[in-house]
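> As a plain string of letters, each chain reads:
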Amino acid sequence: MDHEQAQSNFSDYVDGSLSERVRADVDAHLAACIQCRTELTGFRETVGSLGRLKQMKQMAPPSFLGDIKQQIYKRSHGRFFRPRWKLFGRIPFEWVSLGTIIAMLVYYIAVLHGSPSGVHPAGP
Amino acid sequence: MRWRGGPLTDPPAAAAPARSQTSSKRLARARALGQRVPYTMSVEERLLLDRLIERDEQAFSEIVRLYGDKVFSLIYRMLGNRQEAEDVAQDVFITVFKTIESFRGEAKFSTWLLRIAANHAKNRIKHLARRPTEGADPDDVSQLRTLPDRPSPPVQARIETPDAMLEAAQTERLMQEAIANLPEDQRLLVVLRDVEEMSYQEIEEITGLPEGTIKSRLHRARMAIKEWLDRHTR
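For the protein sequence lines, the chains are Z and L, in the order given.
If you count the first sequence from 1, position 122 lands on 321 in my numbering, and the numbers rise without skipping.
If you count the second sequence from 1, position 222 lands on 386 in my numbering, and the numbers rise without skipping.
This is chain Z alone, in the form it adopts within the complex:
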């Protein structure tokens, strides 16, 4: 096995996916060739450095989900993911509306029954 053949097997050698026979040939060449041993060390360092990138996690920004929903809302001309308006950024406007209607009803009933004149709508 020459330098070129040995080095063409470095990837599989480092991954541990060479057959036993080829691995033995590469090992035999490495034992006799300092140039290829140096190359292999550099190759291993490169693969190791690439692997360390995984530890440095790149996270999507916090606004990621909101931005996507906004894009879908815009591109679908408002058919999907309509933004929900919220009071103080917490309470959905639908709840505020419902609460207001209930409060008005309660007030109306209270006023009707608590009328000082005692006048009630005429019965049949």
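It is worth saying that the hints were derived from the structure and are not from the lab.
Don't take every hint at face value.
In silico DSBU-like links for lysine-lysine, alpha-carbon gap of 30 angstroms or less [to be verified]: (1) Z:256 to L:262; (2) L:379 to Z:256; (3) L:234 to Z:256; (4) L:272 to Z:256; (5) L:234 to L:262; (6) L:234 to L:290; (7) L:234 to L:286; (8) L:290 to Z:273; (9) L:262 to L:286; (10) Z:253 to L:286; (11) Z:253 to L:234; (12) L:286 to L:272; (13) L:290 to Z:256; (14) L:262 to L:272; (15) Z:253 to L:290; (16) Z:253 to L:379; (17) L:234 to Z:273; (18) L:286 to Z:256; (19) L:272 to L:290; (20) Z:273 to L:262; (21) Z:253 to L:272; (22) L:262 to L:290; (23) L:272 to L:379; (24) Z:273 to L:286; (25) L:234 to L:272; (26) L:290 to L:379; (27) L:286 to L:379; (28) L:234 to L:379.
Fit chain L to the supplied structure of chain Z, relying on the hints for placement.
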């Protein structure tokens, strides 16, 4: 911005038909023989995807929460630019929302998703290669050598001392720059195999390439990165 790639359709009347049950004995035998077995989706995953087909907003949010960082990370490693990566990753999830009916459940959902992400990233690389440079982008790794005082992109790493932190940040920049010098198909393979540490089978499913081709391109990519590092650091 216009809605490209066809209109968004209303939810279909019924979700995709349930796939037939595969004999567990046959699956076990195939596994024992080292053969590839068809992927069986979990009930939770199926329910989540059914809700997504119905255009359920919460299901979509769940999908983005589950896979957002993974997709963003893959694209960032391929492009080396946070702003571009964010833009492309958004497009990926919009594509998922538009085309979820075409997912047949023959592979893992994550595989399908990463395939879309890889294709979008490759297209963006081609697009950026055609586009003339418009000023220095502080996040673009190709600009690193001309911008010595730029702030480094936020990274979350288990690093203890400031020296180690600095060294890790420099290594990251350097590796990112080396990856950015590869052709797009080689970038993808390096990121999937060496950064994301995926198996060759997963890479085959994502790229659609045979294992032999993946291995030979990956070897060329690793050698190219090593040579680049030799030229620029050693």
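> Evaluate each hint against the coordinates.
Structure-based check of each hint:
Simply put, residue 256 (chain Z) and residue 262 (chain L) have alpha-carbon atoms about 28 angstroms apart, close enough for the 30 angstroms limit, and the pair holds. Pair hint residue 379 (chain L) plus residue 256 (chain Z) holds up; C-alpha atoms about 25 angstroms apart against a cutoff of 30 angstroms. The suggested pairing of residue 234 (chain L) with residue 256 (chain Z) holds, with an alpha-carbon distance near 9 angstroms, which does not exceed 30 angstroms. A distance of roughly 23 angstroms separates the Cα atoms of residue 272 (chain L) and residue 256 (chain Z); the hinted pair therefore holds under the 30 angstroms criterion.
With a C-alpha separation of about 20 angstroms, the suggested pair residue 234 (chain L) and residue 262 (chain L) falls inside the 30 angstroms cut-off, and the hint holds. Restraint check for residue 234 (chain L) and residue 290 (chain L): satisfied, since their Cα atoms lie roughly 22 angstroms apart, inside the 30 angstroms limit. Note on residue 234 (chain L) and residue 286 (chain L): the hinted pairing holds, with a Cα-Cα distance of about 17 angstroms set against a maximum of 30 angstroms. Taking the CA atoms of residue 290 (chain L) and residue 273 (chain Z), the gap is about 27 angstroms. The hint holds against a cut of 30 angstroms.
Of the pairs offered as hints, the one joining residue 262 (chain L) and residue 286 (chain L) holds, with about 20 angstroms between alpha carbons and a cut-off of 30 angstroms not exceeded. A distance of roughly 20 angstroms separates the Cα atoms of residue 253 (chain Z) and residue 286 (chain L); the hinted pair therefore holds under the 30 angstroms criterion. About 11 angstroms separates the Cα atoms of residue 253 (chain Z) and residue 234 (chain L), which keeps this hinted pair within 30 angstroms; it holds. The hinted pair formed by residue 286 (chain L) and residue 272 (chain L) meets the criterion: a straight-line CA distance of about 21 angstroms does not exceed 30 angstroms.
Our distance criterion of 30 angstroms between C-alpha atoms is met by residue 290 (chain L) and residue 256 (chain Z), whose separation comes to about 25 angstroms. For the proposed pair residue 262 (chain L) and residue 272 (chain L), the alpha carbon gap of about 18 angstroms is at most 30 angstroms, so the pair holds. Simply put, residue 253 (chain Z) and residue 290 (chain L) have alpha-carbon atoms about 25 angstroms apart, close enough for the 30 angstroms limit, and the pair holds. Using a Cα cut-off of 30 angstroms, the hinted pair residue 253 (chain Z) and residue 379 (chain L) holds, with the two alpha carbons roughly 20 angstroms apart.
Distance restraint check for residue 234 (chain L) and residue 273 (chain Z): the Cα-Cα separation of roughly 25 angstroms lies within the 30 angstroms cut-off, and the hinted pair is therefore satisfied. Of the pairs offered as hints, the one joining residue 286 (chain L) and residue 256 (chain Z) holds, with about 21 angstroms between alpha carbons and a cut-off of 30 angstroms not exceeded. Between residue 272 (chain L) and residue 290 (chain L) the CA atoms are separated by roughly 28 angstroms; this keeps the pair inside 30 angstroms, and the hint holds. About 14 angstroms separates the Cα atoms of residue 273 (chain Z) and residue 262 (chain L), which keeps this hinted pair within 30 angstroms; it holds.
Distance restraint check for residue 253 (chain Z) and residue 272 (chain L): the Cα-Cα separation of roughly 22 angstroms lies within the 30 angstroms cut-off, and the hinted pair is therefore satisfied. Proposed proximity of residue 262 (chain L) and residue 290 (chain L) is supported: the alpha carbons are some 23 angstroms apart, at most 30 angstroms. Restraint check for residue 272 (chain L) and residue 379 (chain L): the C-alpha separation of about 23 angstroms stays at or below 30 angstroms, so the hint holds. For the given pair, residue 273 (chain Z) sits about 25 angstroms from residue 286 (chain L) by alpha-carbon distance, which is consistent with the 30 angstroms threshold.
For the hint pairing residue 234 (chain L) with residue 272 (chain L), the CA-to-CA distance comes to about 15 angstroms; that is within 30 angstroms, so the pair holds. A distance of roughly 23 angstroms separates the Cα atoms of residue 290 (chain L) and residue 379 (chain L); the hinted pair therefore holds under the 30 angstroms criterion. This hinted pair checks out: residue 286 (chain L) and residue 379 (chain L) have alpha carbons roughly 19 angstroms apart, not beyond 30 angstroms. Proximity of residue 234 (chain L) to residue 379 (chain L) is assessed by CA-CA distance (about 23 angstroms); at most 30 angstroms being required, the pair is judged to hold.
The structure is consistent with each of the numbered hints, conforming to all of them.
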